[in-house]
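What follows is each chain in one-letter form.
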Amino acid sequence: MMSLLDRILGRQPKTASLAKERLQVIIAREGARHSNPELLHQIKQAVLEAVSKFVAVRPEDIAVDLDSDREMEVLSVSVSLPDGKKLKA
Amino acid sequence: MSEVIVVTSGKGGVGKTTTSANISAGLALRGKKVAVIDFDVGLRNLDLVMGCERRVVYDFVNVINGEATLNQALIRDKHAPNLYILPASQTRDKEALTEAGVEKVIKDLKTMGFDYIVCDSPAGIEHGALMALTFADHAIVVVNPEVSSVRDSDRIIGILQSRSRRAKEGREPVQERLLITRYSPRRVRAGEMLSYLDILEILKVPLLGVIPESQRVLEASNSGVPAVHEPTTEVAQAYFDAIDRFLGKQVPLRFVAEEDKGFLRRLFDSVSRKAAA
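Protein sequence lines correspond, in order, to chains A and B. So the working numbering is basically just the index in the first sequence, starting at one, shifted up by 1. So the working numbering is basically just the index in the second sequence, starting at one, shifted up by 265.
If you're looking for bench data, these hints aren't it; they were derived computationally from the structure. Take these hints with a grain of salt, some might be off.
Said to hold, decoys possible - On the chain B side, residues computed to face chain A include the following (Cβ under 7 Å):
| id | residue |
| --- | --- |
| 1 | Val415 |
| 2 | Asp419 |
| 3 | Asp463 |
As the list claims (entries may be wrong) - Capping the alpha-carbon separation at 30 Å, the derived lysine-lysine pairs in DSS-like fashion look like this:
| id | chain 1 | residue 1 | chain 2 | residue 2 |
| --- | --- | --- | --- | --- |
| 4 | B | Lys343 | A | Lys54 |
| 5 | A | Lys45 | B | Lys433 |
| 6 | B | Lys343 | B | Lys375 |
Every residue, glycine too, gets a C-beta built ideally from N, C-alpha and C.
I would like the entire structure built from these sequences, with the hints used as guidance.
Written as structure tokens, this is what we have:
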């Protein structure tokens with residue numbers, strides 16, 4: 002974006018500001034992180050609470066992972082049930 | 266208490282090995298006992314940058330495989346006290362760095378009483394880079410004011426936040442800090458280079474330091490003596506500032522602005538540049 006002042010003075014936009022804009026867009030889109038590390042913890046807590054209504058599980062039985070590559074993000078949640086525990090009917 | 270520092274970046278050629286050499290030498294000059302490990306299996310280079318390439322007998326993989334003890338493999342640095350280098354292996358087998366093996370070496374270094382264990386990561390996000398960051402307590406993310414380097418730093422920070430032991434075990438996260446290298450205040454002023462403030466705004470990671478672009482860096486690697494050993498140079502001072510910040514001191518940022526020329530001088534320069542164009 003050229004500022005008004007740049008337009009009036011007929012200046013070209015600087016490449017550094019172009020770089021900044023492009024990076025902000027691509028990094029927001031790739032979202033390799035900014036998804037707040039707390040969030041995964043909160044998801045884990047919510048899963049723990051939900052599953053605990055039906056079967057006794059410990060926090061360490063639940064794994065929550067967020068993997069992302071350039072195209073997509075995969076949220077995987079796995080809950081391992083301790084031996085001998087059965088889901089309450 | 267030993268602490269593990271990974272020097273990482275994602276992108277290659279931004280100054281990880283230079284930074285590992287200077288940070289570890291600088292910490293040693295500040296009185297710490299330091300071990301620096303080259304994780305770049307197959308492309309050993311830290312030894313060359315630190316000037317001990319002719320004294321390599323055993324390497325990191327020899328130690329992991331039990332072919333040598335840590336004491337046999339660690340090379341005592343000749344320029345700084347209490348600094349030891351564990352060189353990378355030249356093997357082409359990238360899987361030689363097993364997670365259990367790396368864990369044991371780091372644990373043994375801690376037992377030997379090292380204050381800091383600096384892990385010089387290879388470029389990329391493959392096995393070697395993952396091994397270098399797995400056991401980190403601190404991360405120094407080296408970034409150049411250039412689009413591909415900034416984007417790759419963002420990726421590697423994401424990986425630190427998901428793949429490190431600290432993340433996997435739900436402990437306090439790895440403390441990440443940015444070290445911006447090859448910075449040219451003149452080009453920033455001219456609008457040709459991202460400023461350090463731009464980079465901080467994009468990456469949202471605290472700043473450890475800014476190292477100015479300098480011919481000294483090449484000369485230091487030519488001679489195999491890290492730049493911190495020439496304390497009058499800007500590069501050495503910028504690295505020491507970063508080290509002191511790392512050690513908890515408040516140090517103002519230097520070498521990020523062109524010396525202030527004053528308004529009239531700038532106007533004159535700008536007019537004469539336009540006239541020349």
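Legend entry - chain A contact restraint for B:Val415 - C-beta distance below 7 Å: 5 Å, holds
Inset, instruction - Decide if the proposed pair is consistent with the structure: A:Lys45 and B:Lys433, CA atoms, cutoff 30 Å inclusive. - result: 13 Å, holds
Inset, instruction - For the pair we were handed, B:Lys343 and B:Lys375, check the Cα-Cα distance against 30 Å. - result: Answer holds: B:Lys343 to B:Lys375 is near 22 Å, not above 30 Å.
Legend entry - chain A contact restraint for B:Asp463 - C-beta distance below 7 Å: 5 Å, holds
Inset, instruction - Please work out if B:Lys343 and A:Lys54 have their alpha carbons no farther apart than 30 Å. - result: Roughly 63 Å separates the two Cα atoms, so the pair is violated.
Inset, instruction - Go through the hint on B:Asp419 and say holds or violated, using the shortest Cβ distance to chain A against 7 Å. - result: 5 Å, holds
Against the hints set out earlier in the document, a violation occurs for number 4 only.
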